[in-house]
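Undergrad: Sequence lines, in order, name chains A and B. For any residue, its number in the working numbering is found by taking its place in the first sequence, counting from 1, and adding 103. For any residue, its number in the working numbering is found by taking its place in the second sequence, counting from 1, and adding 11.
Do not rely on the hints blindly, as some may be mistaken.
Facing chain B, from chain A, some residues (calculated, C-beta under 8 Å) [claimed, not checked]: (1) Tyr205; (2) Leu225; (3) Val266; (4) Glu363; (5) Pro364.
The set of hints was computed from the structure by calculation and includes no laboratory data. Where is the CB? At the ideal position from N, CA and C, for every residue including glycine.
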Amino acid sequence: MNATEWKEKLSAIRDSFSVSIANKPAENPEALELRFLGRKGELALLLRDLKDIPLEERRALGALGNSAKAEMEARLSELKGAAPAAGPAAPGIDLTLPGLPYPKGSLHPLTITMNRLAEGFLKLGFTMSDGPLVEDDYHNFEALNFPPFHPARDMQDTFYVDVKDAAGKDMLLRTHTSPVQIRSMEKQEPPIRVFHTGRVFRSEAVDASHSFTFHQIEGLYVDKGVSMADLKWTVDTFMKDLFGTGVKTRFNPSYFPFVEPGAEVDMSCVFCKSGSGRCPVCKGTGWLEVMGAGLVHPNVLKACRYDPAKWSGFAFGAGIERFAMLLFGISDMRMLYENDLRVLKQVA
Amino acid sequence: MKILYSWLGDFLENPPPPQELAAKLGRIGLKVEGVEKTGASFTGVCVGRIEKIDRHPNADKLSLVDVNDGSGVMRVVCGARNIAVGQKIPFAKVGAKLAEGELKKAKIRGVESEGMICSAEELGLDGYDNSGILVLPEDSAVGADAATLFPRADHVLELEILPNQAHCLSHYALARELSVFYGLKLKEPSAAKTEAGGTAVPVEIKVPETCPRYVAAVLKGVKGARTPEWMASRLRAIGSNPKGNILIDGSNYVMYELGQPTHCFDIAKLSGPRIVVRRAMPGEMLKTLDGRDLKLDPGMMVIADSSRPVALAGVMGGLDSSVSDGTDAVLIESARFDPPTVRLASRTSGIKSESSYRFERGTDPELPAKAARRLAGLILEAAPGAAAEQFADNCPVKYQPAEITVEPAKINSILGTGIADGEIAACLRAFQPDLKDSRPWNFVPPSYRQDIEGICDVAEEVARYVGYDVIPSVSAMPMLPSSPTQQWTAASELKASLAGLGFSEVFNYDFVSARELGACGLAPETALEVKNPLSADYQYLRPSLLPGLLKTLRYNLNRGRETALIFETGTAYARRDGGRAENVVCAGLMYGPLPEGGSWLGGGAASDFYQLKGVTTRLFAGKGGFRYEKPQNAPAYFQPGRCLEMRLGGASAGYLGNIAPAVASACDLKDGEILCFEVPVGALAAAGKAEFWQRVARIKPVSPFPHSWRDLSVVLEERHEWSELERSFSGVQDLASARLMDVYKGKNIPAGHRSLTIRFTFSSMEKTLNDADVSARMASILDRLTRSFGARLRS
Numbered sequence: 104m105n106a107t108e109w110k111e112k113l114s115a116i117r118d119s120f121s122v123s124i125a126n127k128p129a130e131n132p133e134a135l136e137l138r139f140l141g142r143k144g145e146l147a148l149l150l151r152d153l154k155d156i157p158l159e160e161r162r163a164l165g166a167l168g169n170s171a172k173a174e175m176e177a178r179l180s181e182l183k184g185a186a187p188a189a190g191p192a193a194p195g196i197d198l199t200l201p202g203l204p205y206p207k208g209s210l211h212p213l214t215i216t217m218n219r220l221a222e223g224f225l226k227l228g229f230t231m232s233d234g235p236l237v238e239d240d241y242h243n244f245e246a247l248n249f250p251p252f253h254p255a256r257d258m259q260d261t262f263y264v265d266v267k268d269a270a271g272k273d274m275l276l277r278t279h280t281s282p283v284q285i286r287s288m289e290k291q292e293p294p295i296r297v298f299h300t301g302r303v304f305r306s307e308a309v310d311a312s313h314s315f316t317f318h319q320i321e322g323l324y325v326d327k328g329v330s331m332a333d334l335k336w337t338v339d340t341f342m343k344d345l346f347g348t349g350v351k352t353r354f355n356p357s358y359f360p361f362v363e364p365g366a367e368v369d370m371s372c373v374f375c376k377s378g379s380g381r382c383p384v385c386k387g388t389g390w391l392e393v394m395g396a397g398l399v400h401p402n403v404l405k406a407c408r409y410d411p412a413k414w415s416g417f418a419f420g421a422g423i424e425r426f427a428m429l430l431f432g433i434s435d436m437r438m439l440y441e442n443d444l445r446v447l448k449q450v451a
Numbered sequence: 012m013k014i015l016y017s018w019l020g021d022f023l024e025n026p027p028p029p030q031e032l033a034a035k036l037g038r039i040g041l042k043v044e045g046v047e048k049t050g051a052s053f054t055g056v057c058v059g060r061i062e063k064i065d066r067h068p069n070a071d072k073l074s075l076v077d078v079n080d081g082s083g084v085m086r087v088v089c090g091a092r093n094i095a096v097g098q099k100i101p102f103a104k105v106g107a108k109l110a111e112g113e114l115k116k117a118k119i120r121g122v123e124s125e126g127m128i129c130s131a132e133e134l135g136l137d138g139y140d141n142s143g144i145l146v147l148p149e150d151s152a153v154g155a156d157a158a159t160l161f162p163r164a165d166h167v168l169e170l171e172i173l174p175n176q177a178h179c180l181s182h183y184a185l186a187r188e189l190s191v192f193y194g195l196k197l198k199e200p201s202a203a204k205t206e207a208g209g210t211a212v213p214v215e216i217k218v219p220e221t222c223p224r225y226v227a228a229v230l231k232g233v234k235g236a237r238t239p240e241w242m243a244s245r246l247r248a249i250g251s252n253p254k255g256n257i258l259i260d261g262s263n264y265v266m267y268e269l270g271q272p273t274h275c276f277d278i279a280k281l282s283g284p285r286i287v288v289r290r291a292m293p294g295e296m297l298k299t300l301d302g303r304d305l306k307l308d309p310g311m312m313v314i315a316d317s318s319r320p321v322a323l324a325g326v327m328g329g330l331d332s333s334v335s336d337g338t339d340a341v342l343i344e345s346a347r348f349d350p351p352t353v354r355l356a357s358r359t360s361g362i363k364s365e366s367s368y369r370f371e372r373g374t375d376p377e378l379p380a381k382a383a384r385r386l387a388g389l390i391l392e393a394a395p396g397a398a399a400e401q402f403a404d405n406c407p408v409k410y411q412p413a414e415i416t417v418e419p420a421k422i423n424s425i426l427g428t429g430i431a432d433g434e435i436a437a438c439l440r441a442f443q444p445d446l447k448d449s450r451p452w453n454f455v456p457p458s459y460r461q462d463i464e465g466i467c468d469v470a471e472e473v474a475r476y477v478g479y480d481v482i483p484s485v486s487a488m489p490m491l492p493s494s495p496t497q498q499w500t501a502a503s504e505l506k507a508s509l510a511g512l513g514f515s516e517v518f519n520y521d522f523v524s525a526r527e528l529g530a531c532g533l534a535p536e537t538a539l540e541v542k543n544p545l546s547a548d549y550q551y552l553r554p555s556l557l558p559g560l561l562k563t564l565r566y567n568l569n570r571g572r573e574t575a576l577i578f579e580t581g582t583a584y585a586r587r588d589g590g591r592a593e594n595v596v597c598a599g600l601m602y603g604p605l606p607e608g609g610s611w612l613g614g615g616a617a618s619d620f621y622q623l624k625g626v627t628t629r630l631f632a633g634k635g636g637f638r639y640e641k642p643q644n645a646p647a648y649f650q651p652g653r654c655l656e657m658r659l660g661g662a663s664a665g666y667l668g669n670i671a672p673a674v675a676s677a678c679d680l681k682d683g684e685i686l687c688f689e690v691p692v693g694a695l696a697a698a699g700k701a702e703f704w705q706r707v708a709r710i711k712p713v714s715p716f717p718h719s720w721r722d723l724s725v726v727l728e729e730r731h732e733w734s735e736l737e738r739s740f741s742g743v744q745d746l747a748s749a750r751l752m753d754v755y756k757g758k759n760i761p762a763g764h765r766s767l768t769i770r771f772t773f774s775s776m777e778k779t780l781n782d783a784d785v786s787a788r789m790a791s792i793l794d795r796l797t798r799s800f801g802a803r804l805r806s
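For reference, chain A alone in the conformation it holds in the complex (with noise of 0.2 Å):
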């Protein structure tokens, strides 16, 4: 075969390609593929036959050969529903001017971390709760424990507003989130589980890590035969949740007039390659305190017309803020109320 042959019948099998092509539906394109350019196919054959052909001319019609094989893949796999390979390049523009600028928006670091919280009693099984923010002194105090005139109320310094409760007292705004442990027993028969996050109150200057506003959230459950042990699973379940199966809680004695035992939940410090004892975060002793806990004090179950005898409850809580510059490495409590917008901005 000479080159002038060899041309004409690849000619010949273009043609008869574009044929089969149109009538695609009488062959699928895995059959033409095998027709054309399988091993043993036409065009396979016909480069083979370039051997025969004198050297110098073996190149150009090697090159006609290769291009008609690209031409026929690219429409078989056209046809096969491939994408087709890129077209030409679209006139030049500079890709890297700024897109249209849509605004920016952000949820307080406050909103991110109380809802990452609920999340975490919602799965394990609490329900959420509600109550005001402007109490009475029975909720707030008394039913949880404080007498009058006992001096854990110091702990707490209270606002209060001019407005009297049913039993005539000065009414407060409210200094904890535990009123609403009350308030929910009150509604509720047990076994009830329960839990609320919100605004406090109590009056103290502003520093650092003090404010007369702050968040908490809080946990209860009252059931038959709750201990210290579901507790610590508890808090220890929430805390994994939160930060992880590798964090290690801790619970020291403590006190909070509404539980008995009391507790003081310590995390492992998730923030320090601890040992190197330079941690700014934990102050090189490898745990954060975070937490207060206990069991629900007789006292509190029988305000709540629980027998004490039967039901037994824990509850846990939390400060918001404390999570919140633990997570967003916030060293001073009052950037979170600021509301400058350089800083609101950098949080998703």
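Once you've looked at the hints, dock chain B against the given chain A.
TA: Below, chain B alone, put in the same frame as chain A:
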């Protein structure tokens, strides 16, 4: 509370080192906030005298000083300015151990220094002038060990004492706590062996229910007795200020040592002399030790002599009967007072003292006699010529200890543990060594632990004893269904939408000032008022979130921001029927050009009413029954004519509009439109469905046929509002939407008229609409517009 380590050591055999002690206290719930070194811990420093001062040959600011250390004269280099010949100074020789470590021989700017003249800081001493070297008293002996001039090296532990830890409010009490929980051996303080008896000053208790015990000891011949230095130095170390008079300082010392407040009366100043414990009578006055004239009320318990009150019981003594350096005969009061009575007196009088602090928390009923003996002993030691004349222990109401039946199984069921009986018994015996072996145990808490009232309290003590780490982390809690509140869900949805629309969430305080309320046109008298506000800035509870939002806007504009999209979700307070009402509200402001700072792609026009309306429309998209209406009762801070009310079904869903210019300028916000919206989250939640499956939108089928659209431009009088036109389209067959594309006034449009271009989209569920179908529907629309509004086609 400050605890001096060496003082604690008076009562403990082999106490652990300070840091270990702090850790041990922490594990039983006593929080140590700090451990500080105090006193002189340096060695190798003697008293030196400056003999001669020369200038350093190579440095202007240094001197060469000849120091006599008693054995010879040495030459040292010194940089201090306050040196003078003849001064006595602390001289550290090579090898001395100072705050920063061991002193080594040094060459300073080419001159060898044979030692160092020290500052207070270099010696590790706190509370001394540190501006230069520490100048020692003139009478210090040259060559003497300088450490002897200062309190001995020691540690001060700072403890946070919780309200239930009254039994730890002294050095002895803390030592006792350590002995109970860690088995350390406790040592008792020494005390005077005063015989009971004597009637020099009779005591009458008229109110035994609030004063169950009153020990009155009388000492005579105490005149001129001074406080020994060791006692003064201990008091100073824990931050108390010794007066030099043993009667005053000894009383304080005993309180810090044993936890029992005592008081000394000058018997010469008591009329009778006698002591009467009673309620104050109406109109009685007392001049207290701090010089205040206190009007007593009958709720207060006082200590009186035969004619007048001489002390507010448990709170503070009277000035007229107080001891002085001239006192020769003294009556020591060591009593037990009812905690609420003392607390009430302290609060009504406004006097808080170390004494009232301890009585409020409850003192040990067995302590008054012990403390009186201890104080008498200390006074007698300081006043060798003195003698005890009376020791009267008046105890009309005996303390009845509680008895608690302790079943080991109950303890384990509370704690969720499997603590062995023997270990529980060991804990109980640490409190009550004579506990009988028979189970259940009959546990009698010691007198200093009146807070142990029931089995839960015992369980806590057992947990402290074995360590809280014994409690396992296991539970067989049953699963329970859980859900957030409707209000939380509604608020969360609003927050997420707003953040997605470019709004940033802010948190303001619930407190506002009268000025802020006034600026927003809100009457302070209708707002709830805080009776004890931190300041006038925080006097009222916000009836609206607007004042806080405007403050936030101003704060950010003052920091160079041009655009602000902010929102807040919080409680708005109101007065209702003499009580309070709380409403959770979501409110926001929009201000400035969008996109912020402009863009090469265009935009950059200032936010206006319609932009905000776009936001609120998006917020409520898909909520059935949502519509805008002319407001009936919009808050006064909205500009009239620039405000709409939002409605969801029958309920109000809040307002949106421009802030009235008068409000903006009253808030120092002058330029540009401020747009505001507020949505009552509570009302929204109440209007919505409780269950998720009821809340989600039901999806309607869409037409499988292509839709068609036509634009229509009509001219009509301006008084016809768009919403009227929109309503008139209702019932047009196959009309899917009528979208306003253009509003035009001006050239070719008659005055008082405007041209509206509306795009009508038609879609049928049955077929593809052809040209004739669409034309017929468009004709119907034009007909409605012409008949109802006198509209004509724009040519």
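Undergrad: Against this structure, judge whether each hint is valid.
TA: Verification of the hints:
For the restraint placing A:Tyr205 at the interface with chain B, the shortest Cβ-Cβ distance is roughly 7 Å, inside the 8 Å limit, so the hint holds. Hint on A:Leu225 holds. Least Cβ distance to chain B is approximately 5 Å, under the 8 Å limit. A distance limit of 8 Å between C-beta atoms decides the matter here; for A:Val266 the minimum to chain B is near 5 Å, and the interface restraint holds. The closest approach between the C-beta of A:Glu363 and any C-beta of chain B is roughly 4 Å, which is under the 8 Å cut-off, so the hint is satisfied.
Residue-level restraint check for A:Pro364 holds (minimum Cβ-Cβ distance to chain B is 3 Å; threshold 8 Å).
Figure legend: structure checked against the earlier numbered hints; every hint is met.
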